[in-house]
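Q: Can you build the whole structure from these sequences, using the hints too?
Read top to bottom, the protein sequences are chains B and Y.
Quick note: the first sequence uses the UniProt record's numbering, first residue 1, plus one each step.
Quick note: the second sequence uses the UniProt record's numbering, first residue 1, plus one each step.
Calculated from the structure, these hints are not laboratory results.
Don't take every hint at face value.
One copy or two, it doesn't matter: identical chains are merged, so the pair holds either way.
[To be verified] Below, computed lysine to aspartate or glutamate pairings styled on EDC-like, alpha-carbon distance capped at 16 Å:
1. K250 <-> E279
2. K250 <-> D277
3. K250 <-> D231
4. K18 <-> D46
5. K250 <-> D273
6. K18 <-> E7
7. K250 <-> D10
8. K18 <-> E279
9. K18 <-> D57
10. K18 <-> D125
There are 2 protein chains.
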Amino acid sequence: MRAIAVERGDSQPRLIEKPRPEPGPGEALVRTLRVGIDGTDFEVIDGNHGGFPADSDHQVLGHEAVGVVEASNDTDLEEGQLVVPTVRRPPNTANEYFRRGEPDMAPPDQCLERGIDGAHGYMADYFTSPAAFLVPVPAAFEATGILVEPMSNTEKALEHASASRSAFDWQRDAALVLGNGPLGLLTLARLQSEFDRTYCLGRRDRPDPTIDLIERVGATYVDSRETPVTDVPTAYEPMDLVYEATGYAKHAFDTIDALEQNGVGVLLGLPGDDAFDVEGGRLHRSLVQGNKALVGSVNSHVTHFEAACETLSALPDWFGDALVTDVFEPAAVDDAFSRSPDRIKTVIEFGSR
Amino acid sequence: MRAIAVERGDSQPRLIEKPRPEPGPGEALVRTLRVGIDGTDFEVIDGNHGGFPADSDHQVLGHEAVGVVEASNDTDLEEGQLVVPTVRRPPNTANEYFRRGEPDMAPPDQCLERGIDGAHGYMADYFTSPAAFLVPVPAAFEATGILVEPMSNTEKALEHASASRSAFDWQRDAALVLGNGPLGLLTLARLQSEFDRTYCLGRRDRPDPTIDLIERVGATYVDSRETPVTDVPTAYEPMDLVYEATGYAKHAFDTIDALEQNGVGVLLGLPGDDAFDVEGGRLHRSLVQGNKALVGSVNSHVTHFEAACETLSALPDWFGDALVTDVFEPAAVDDAFSRSPDRIKTVIEFGSR
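A: This is the structure we're talking about:
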């Protein structure tokens, strides 16, 4: 079968041929329809994040997938069922985090991540998975099912952010998303139903498809070159929620200044090893006197995938089409992994139903 | 009546005479029994925190008080009832935070703080207060009622910290308190029932009464000169909860390193304007991949005072006596506000029942 993989020592993803996997006990065989590309894939390709599967000279990419159950094997899944796979797998036998159904809470050394860290991903004609890690999705998700995994990360992040504000009567009106990549835009769409006013920070010139999408969902575009994060309260308003999806470490600390009294910043980015000066005393005081919180969030588990399906179903019809700007065949791997400012979400299509 | 106050332009608290206050509508007159001294009082004396009441040439100190209702006036309180007053008051008419019963969530410019910021405190023979801000406490609290206010801050901080961990199955075994002042020690005693292993950071040499108390409650003393906060995970273990009560800004950031996967750091200190270098990228990543949270917390409201009463009632009998090391008459104001390493909690006693 076809697969898109990075080989050891290489710095480019290639289309390769490899044997179709055989499902083991408790596993289903899934025929892949679509796989999304995101920033983490480029981090993996560049060797900055994750690692190859043990004993493999290559790593199949891809962790945002939708497919059809081809062989249910000994599982309860129905053949033909549309499914989205979760990302984390136990390294050997299941540990406490997997037993509790919360693999997203496991430390990095107690889980593998398919397509990212120590396990092959989903950019192939077929993949196998334990049924417990395959989330059934409605038939209408054939095209947009690749958005379930990224949206599930937002579901988890917002669940943890809200939990951190649940000990009092949280008044929330305004939210700021840092980052206009696909995850930022998905989150911005998600926040429309919960916040009166939403803002999205980027550093692009008009005309730009992300700015168009930001304004089409009803949000305000904030150009970080004109308005740094720390200036947002005076230029716009202080924010009850800040969602960081840039992976730019200064944003994690600047978030404290962007927050309204009793606000929460939820951090999802994975920056490099930057060191810098902070006004630590003032930030510490602002956290305390402002009853503010910073909450880190990574990955997601099955209930977040289910919540993501409901969220995506409730978004306007045009949204998925506007977000997924580019669809490529697997043979067009070089084009698919090139970068262009005209693109928002790029997808590789392995097949259709 | 007698009162302990700082006069404008002075840098020492003095015993003064001033008229006994008259309760207004909805207010009771309280006869003060005891008032505790804490670090905030010294900040106020030094002019580093809070401010004088408008139109007053002096500020009566004290925000940790216990007293007896002397005149219930038109309130529902019973004369002779032991009460502890809360700290925050509305600046003029009640704003939304006071209407919701959550004055602790108000921004600094939407509240006064008795004895601290813009309102006279409780270090006087009598004080008046709206009944809604007087929390009835059991008669047994005559001596230790001054601990209700500081413990209420811990009740709120731990409520917010736990809330931030309520979206998953939080496994908590180990807790670290940063700071061996009275608030840190109260918190350490409070944490014994919820954590298997507790630690308290200080910078004192043995023999020392705070180290004795740390060990008597069953916790481990961590000398920050030998083991900086960032080394705690290797020297001892990573912490599920870190409670910061030092007001040292680096500790707020070092807390991220001290936390276990999925842990929470709750910050209560009010540092000065220190600026310093941080390994921002690494700390940001640690928050995200570790699902860690930092939660700021200030002040407390009536339900936290009620919870503090229950907590204090459940502590061992010896604890209050061991914590309150020094009791002075109001006339001994100079002695009361001098500092000594042999002291833990100093109290000024205005009267008895």
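Q: Indicate, hint by hint, whether the structure satisfies it.
A: Comparing the hints with the structure gives:
no.: 1; hint: K250 <-> E279; result: both (12 Å within a copy, 10 Å between copies)
no.: 2; hint: K250 <-> D277; result: both (10 Å within a copy, 12 Å between copies)
no.: 3; hint: K250 <-> D231; result: within (14 Å within a copy, 24 Å between copies)
no.: 4; hint: K18 <-> D46; result: neither (23 Å within a copy, 74 Å between copies)
no.: 5; hint: K250 <-> D273; result: within (11 Å within a copy, 19 Å between copies)
no.: 6; hint: K18 <-> E7; result: within (13 Å within a copy, 83 Å between copies)
no.: 7; hint: K250 <-> D10; result: neither (31 Å within a copy, 42 Å between copies)
no.: 8; hint: K18 <-> E279; result: neither (53 Å within a copy, 42 Å between copies)
no.: 9; hint: K18 <-> D57; result: within (12 Å within a copy, 84 Å between copies)
no.: 10; hint: K18 <-> D125; result: within (10 Å within a copy, 86 Å between copies)
Hints 4, 7 and 8 from the list above are not met by this structure, while the remaining hints are.
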